[in-house]
Structures are given as structure tokens and as C-alpha cells.
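Whenever a hint applies, use it, and build me the whole structure from the sequences.
Number of protein chains: 2
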Amino acid sequence: MLSKNKIKFIKSLAIKKYRDGSNCFIAEGFKLINDLMGSFVCELLVFTKEKEQAIAHFKANERILTDDAGMQKITSQTSPDGVLAVFQKPQNSATPTNICHQELCLALDEIQNPGNFGTIIRIADWFGIKHIFCSPNTADAYGPKTIQASMGSLARVKIHYIDLPSFIAQLKSEQEETPIYGTILGGENIYQSTLSNKGLIIMGNEGQGISPQLVKLLTHHVEIPHYPLGASNAESLNVAVATGIVCAEFRRNINI
Amino acid sequence: MLSKNKIKFIKSLAIKKYRDGSNCFIAEGFKLINDLMGSFVCELLVFTKEKEQAIAHFKANERILTDDAGMQKITSQTSPDGVLAVFQKPQNSATPTNICHQELCLALDEIQNPGNFGTIIRIADWFGIKHIFCSPNTADAYGPKTIQASMGSLARVKIHYIDLPSFIAQLKSEQEETPIYGTILGGENIYQSTLSNKGLIIMGNEGQGISPQLVKLLTHHVEIPHYPLGASNAESLNVAVATGIVCAEFRRNINI
Numbered sequence: 001m002l003s004k005n006k007i008k009f010i011k012s013l014a015i016k017k018y019r020d021g022s023n024c025f026i027a028e029g030f031k032l033i034n035d036l037m038g039s040f041v042c043e044l045l046v047f048t049k050e051k052e053q054a055i056a057h058f059k060a061n062e063r064i065l066t067d068d069a070g071m072q073k074i075t076s077q078t079s080p081d082g083v084l085a086v087f088q089k090p091q092n093s094a095t096p097t098n099i100c101h102q103e104l105c106l107a108l109d110e111i112q113n114p115g116n117f118g119t120i121i122r123i124a125d126w127f128g129i130k131h132i133f134c135s136p137n138t139a140d141a142y143g144p145k146t147i148q149a150s151m152g153s154l155a156r157v158k159i160h161y162i163d164l165p166s167f168i169a170q171l172k173s174e175q176e177e178t179p180i181y182g183t184i185l186g187g188e189n190i191y192q193s194t195l196s197n198k199g200l201i202i203m204g205n206e207g208q209g210i211s212p213q214l215v216k217l218l219t220h221h222v223e224i225p226h227y228p229l230g231a232s233n234a235e236s237l238n239v240a241v242a243t244g245i246v247c248a249e250f251r252r253n254i255n256i
Numbered sequence: 001m002l003s004k005n006k007i008k009f010i011k012s013l014a015i016k017k018y019r020d021g022s023n024c025f026i027a028e029g030f031k032l033i034n035d036l037m038g039s040f041v042c043e044l045l046v047f048t049k050e051k052e053q054a055i056a057h058f059k060a061n062e063r064i065l066t067d068d069a070g071m072q073k074i075t076s077q078t079s080p081d082g083v084l085a086v087f088q089k090p091q092n093s094a095t096p097t098n099i100c101h102q103e104l105c106l107a108l109d110e111i112q113n114p115g116n117f118g119t120i121i122r123i124a125d126w127f128g129i130k131h132i133f134c135s136p137n138t139a140d141a142y143g144p145k146t147i148q149a150s151m152g153s154l155a156r157v158k159i160h161y162i163d164l165p166s167f168i169a170q171l172k173s174e175q176e177e178t179p180i181y182g183t184i185l186g187g188e189n190i191y192q193s194t195l196s197n198k199g200l201i202i203m204g205n206e207g208q209g210i211s212p213q214l215v216k217l218l219t220h221h222v223e224i225p226h227y228p229l230g231a232s233n234a235e236s237l238n239v240a241v242a243t244g245i246v247c248a249e250f251r252r253n254i255n256i
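Chains A and B are the protein sequences, given in the same order.
All letters in the first sequence, in the order written, are residues 1 to 256 by our numbering.
All letters in the second sequence, in the order written, are residues 1 to 256 by our numbering.
I should point out that these hints are in silico values taken from the structure, not numbers from a laboratory.
Misleading hints may appear alongside valid ones.
Using 27 Å as the maximum straight-line C-alpha spacing, the simulated DSS-like pairs for lysine-lysine come out as follows [unchecked claim]:
#1 A:K89 to A:K145
#2 B:K16 to A:K145
#3 B:K73 to B:K158
#4 A:K145 to B:K145
#5 A:K145 to A:K172
#6 B:K145 to A:K16
#7 A:K11 to A:K158
#8 A:K8 to A:K89
#9 A:K6 to A:K130
Right, here's the structure in full:
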């Protein structure tokens, strides 16, 4: 039975302030919840009779059976799947700069759209990128739209919110040769660039690109070329699409 | 002055039935409207005092000055930009199969999400792809979400709704060697495939991929490899991201 207080709690998790306060987030749909189950502690599982068997093996601190009407009160989906989970956010651990000296990582400078952010988490996962470093103004990784768009990839990709300029400064002080890539209009053709399997790729805000403060810290300015070269067609690519193309190109170069 | 009838008409264009009936679609925001102005006939321009000067040079069959409250009644944006245009949809011309023998084109098999569709139109534009052939069940290119996500690229990319299987059959009967590419799990590593600068690339539905009927007609099955190869990380990429990576790879191969 879904109490009023429970409904209020679940609905509150649509808002960042309450996610931060409770250290919890919501995921909806069997497949997504199944993907996250092994990586996050499940506080609460709400499900309809139809899903009871399918989710029987899920571990959760609390389970509530409800009906379609109950599910309608808590879902943010237009076609709810009949199962909603509240997970604990992962513990904040110290942010590892050293990882960037050893493997390829992503940095997001104020990505605003939660759908773009979730799609980028999924891209990182596909291309074996395990850490995303985000400026504090980047969308919340645990917001419902980001979670749904990331399709379970948060189970494998770690998100760190940090001050990017000081993070990169520290990175450089530790090991000067670690490359810092950024996509910049007028940068070098990415197909002709030397791409490493270590370092940081910075992707910028949807409208503004990478902030000037961070552009200064780049060691490589790269660009995805138009076709034909120099054509004056679309002015830009969606940031998630650009991230996909850039990551694919890094991984193509070293794909064994 | 925005009459009740005008408001009703503009709002009706959020629905496909009324867009089809009136042969009109809506675009919002100065930049988008500016991009579309040269390619589509503007039936109606609604703007606030703030935008009056900026849009003075736009040609439109009718112009209506309104205030913020009036704009609120017709906008579908959370932060309306102060200018909304109603454009005529382009005339339906005969669908050219022969274009696929000469240049690279895209085909979309039931892409459902209008944001994905608009993003794909923008990708096509960036990579100099001028024609997209869509199955009848693909989202409407003239829906407000597709239009906003395409960011003016409809000015340069033509959309054709057709029966894809018979279109491809005709294509093959005209010229057997024209390649038909499709991304398929288990396909050939795209980095090792022979990619042409002619033919058709088919992208499939968000959940189902390319329909079996069309898979049979492919001449090349390609796949974007995971990193590392064979890893069991993310199961799939967002369809717009996959389209971006595939198009980039085709164009990289022949980028002069």
C-alpha cells in the first residue's frame, strides 16, 4: 500500500534539492532497474501485480505492491512500465585525477539538457570510458530524465562533480604531457589529429561551447569536419552526437 | 492583434492532422525562423515589440504584433523567444530514386522520437546528405519538436515519406550495384567495411532496429564496434548518435 507520505517522498525526488537531501534517485522500468540493481542499493521498489514475478529476485530494503492508479501517482513516464525503484546515490569518493594519466576520460562543461547528458553517459559506456568529470553547473546525473536516457550505463560510468579548471591544473601539475582535448570550431581536423588513449576530452555547453577559461587549458583543439570540407551547412552538431563521433574516432584509432 | 481564430489555428498546428490539412508548420525563435526564411513561404509571423526591428526584413504574407501574454497563448517553448512563424510545407514532388545512385542518402525506418528525428536532419545537413527517405510511420518532420531539434537544417535537407521496401526494390532494379547499408548488431566492423559515397544508409527504430523486411534488402550489414572490442557494456547507442557516427565514418573515408 502506497501511503501519502511515500507518494510525497517519491515525487519529491524529481527535484534536485530533495535528491541531494535524501541521497536518493528514481529509476523506472524493468530493464533500467535490472541494469542498476547490481551497482546501487535499492531503498524502495514499487510495482504492480503484473511485475511481481519479474522483480521477485530484486533485493530492496522495502517493497510496495500497488495498482495502476497508484503507479500513475508516482510515475514521470507517459507509459509507465509497472515498476519504479528508489536507489541510493553512490558514496562520494575522492576525485581521481590520476585516472586521466592512465585512460581516456570525459569532462562536461555545463551540459544543460538532461537528455543529452544521459545519452553521453550511454556513449561513454559503449566506448569503455569509465569516468565523466562535470562542472558544478552541468545537469544532475541523478535527475529522472538523465537516468532514463542513460539506460543503465550509470552502473558502469562514474560521475564526478568538480571545479574543472582546478582539476585540470592539478592534472597538468602531476603529469604535463597528459593531453586535454576539446572540440572547437576552427580546430584541427580530428581525422588528422594525434589521438591518445589517455587524457581528457572536454565537451562544452549546448549553446556556448567550452568556456574560455577551459579553452586556455586545452592542449589539442580538434574539430569534426563538415562534408564537403568547409561547407556552410549546419552550424553545429548536437553535443551528444558530437561526443559520440569524437569518442568513436578516439576508439577507432586504437581499436585492436 | 492576435484573434481567437488565429490562436486556435496556430495551436492546431501542434497536431499532425491539422498540419496535413493546412499544409503548414510552426517554427519558433529568431535564429530558426531566419534559417528557414529563404527556403519556405512564410504565411504568418507573430512577434513581440522587442523583435519588431530584428524581423523587419522577413517576408511574410501576414504579420501580427502581440505582447508577451499573447505569445504565451501560442508558444510551445518554455522560454519563448518573441517570434513565431507559420510556414508552408514544401510541395510534394516525385520521389527521386536515381539520387541514391549518385550520392549518399539516408533512410529512416520508423524513427519515433521527434527529437531524434530533428537531430538526424541536423546530422545529415552537417555531413552534406541532402535526402532522407522515411517510412510512413516515422515521426512527422514538420512536428514542432522535430522542427526545433533540426535547427534550420530542413532548409537544406529534403524529407520524403515513402514505402521503403518498394523504394529499395525499385532502386535495385534500376542499378543493382547501388549499396544499401544498415547498422545491425553482429554486422561487419564499420572501420573495416568498404564504404561508398553513393547509396542508402538505413537507420532503424529506437527499440526494434531495422525491420526484418528491410534487413533482407541490405547489401552491407555494418556495426559500430564497442570499446574494447566485444565488451558487454552499453547494449546500444541512441539512434541519432549512431547516425552521427556512421555518417562521420562514411565522410571520413572520402573526406578530401
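Hints, one by one, checked against the model:
1. The straight-line distance between the Cα atoms of K89 (chain A) and K145 (chain A) is roughly 16 Å, inside the 27 Å bound, and the hint therefore holds.
2. Restraint check: the Cα-Cα separation between K16 (chain B) and K145 (chain A) comes to about 26 Å, which is no more than 27 Å; the hinted pair holds.
3. For the hint pairing K73 (chain B) with K158 (chain B), the CA-to-CA distance comes to about 31 Å; that exceeds 27 Å, so the pair is violated.
4. With a CA separation close to 17 Å, the supplied pair K145 (chain A) and K145 (chain B) stays within the 27 Å bound.
5. A hinted pair counts as satisfied when its Cα atoms are at most 27 Å apart, and K145 (chain A) with K172 (chain A) does not qualify at roughly 34 Å.
6. About 26 Å separates the Cα atoms of K145 (chain B) and K16 (chain A), which keeps this hinted pair within 27 Å; it holds.
7. Using a Cα cut-off of 27 Å, the hinted pair K11 (chain A) and K158 (chain A) holds, with the two alpha carbons roughly 25 Å apart.
8. Only pairs whose Cα atoms come within 27 Å are accepted, and K8 (chain A) paired with K89 (chain A) is accepted, the gap being roughly 19 Å.
9. Pair hint K6 (chain A) plus K130 (chain A) does not hold up; C-alpha atoms about 34 Å apart against a cutoff of 27 Å.
The structure fails hints 3, 5, 9 (numbered hints given earlier, in ascending order).
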